[in-house]
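Enquirer: Let the hints inform the model, and build the full structure from the sequences given.
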Amino acid sequence: MADIINKLADSFQFDIVRYALIVGVLIALCSSLFGVTLVLKRFSFIGDGLSHVAFGAIAIATVLNITDNMPLVLFITVISAVLLLRTGQNAKIRGDAAIAMISVGSLAVGYLLMNVFSTSGNLSGDVCSTLFGSYSILTLTESKVWLCIALSSAVILIYVFFYNRIFSVTFDENFAKATGVRASLYNLLIAVIIAVIIVLAMNLVGSLLISALVIFPALSAMRVFKSFKSVTVCSAVLSVVCAVIGMLVSIAGGTPVGATIVAVDIVAFIIFSVIGLCLRRSR
Amino acid sequence: MKKALSVALALCMMFLFSCSSGDKTVAAPSNGAEVEKESAASLIDTAGFGYDVDLVGLSSTLVYAQVYDMMVYPEKYIGKSVRICGMFEVYSNNLGIYFACVVPDALACCTQGIEFDLEGEHVYPEDYPEIGELITVSGTFNTYLENGMTYAQLQGAKLE
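If you read the protein sequences in the order shown, they are chains A and B. The first sequence begins at 1 in my numbering and counts up by one. The second sequence begins at 1 in my numbering and counts up by one.
Calculated cross-link-like contacts (lysine to aspartate or glutamate; reagent style DMTMM-like; alpha-carbon spacing at most 20 Å): (1) A:K41 with A:D172; (2) B:K80 with A:D10; (3) B:K76 with A:E142; (4) A:K144 with B:E75; (5) B:K76 with A:D68.
Hints are computed from structural coordinates only; laboratory data are not their basis. Computed from a predicted model, the values in this text were never measured in an experiment.
Expert: Here's what the structure looks like:
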């Protein structure tokens, strides 16, 4: 126990650990806020689809030898989010089919591009790290940290300012439209913000595990709480706590960061499910 | 009901925190786990001996990430004393033979390492460990140019 505490204390002397914790907390907070909306709107898989698009974008950036790939990845993912939303409104290709199509298409094209054009000496390592986020969060530069802080702050501010509109669009879009809320505009806003969160979260958990970061805290909170506000607050707190615990376990235990955070999220979900069950029985 | 809920949530958070602090049995890849075990043992004996960057006693994930940072941004570390624990590796080309201390990442799909140049005159393989053997090496971080490429190296290195 003392060894672990010493090890963690020693770890904090490194900039990379402090950066990782700051960015990890912010990403966990953002993803959980919009996770509640996504789960309630039955868009849980849009995160998965967009994360695969982001993987494809990273592959393009790698092939083009772009060192700072975030602007390009962000641009492509936002465009895809908007297209997905538009395609989702088209009856010819249903929303879930469009997501599946873009998801697997991007993953395949991304891997193909990296295989054919990549100059890296360790292709499997690059792909593995991008998909599972083994150590990406621990390799952030100061400029990337500031970019993450700026984007996360923007996401949180938008959520706070438009809370009521997001609430009404989440629960009853038709009612929201009837009361004068421009539902399609807010749906677009949600899609763009989700794209931003996905790109940020790829650093934390990798592209295959992003959905877990978005949906697990929301689902856990829904086991115990019932109102939108309490679920959102609980989801945010839980997501941040799980992310911090996951990162600390990973740093102390030498486990992959992304998978460890998701494992902690799963444990939290089980605990909250048990609490929810107990509460329902006691009523 | 609200009180019971609060107590339950507090217990839940306590459980989550206790999971993290007491979790020494988390599975790590075999190579990483060995390096880490060795590192933890060294921590008790030799930590705090005034190295600028002491990577001994840290987990393989963190060592890997830190070495990655040193390789990508070497200018931040030039002239600093560095100590690292990892596996001994040897690389050679037509220009010579190179010795390195390498660390695998948590997924065991990548390795990062630092080349080192031992202080004094040494002959390979007599004066060096076996390939793959766990070593702790310390030295001064520096870079050098070879064939137009910049390489990082621990100079005046010592094996512990």
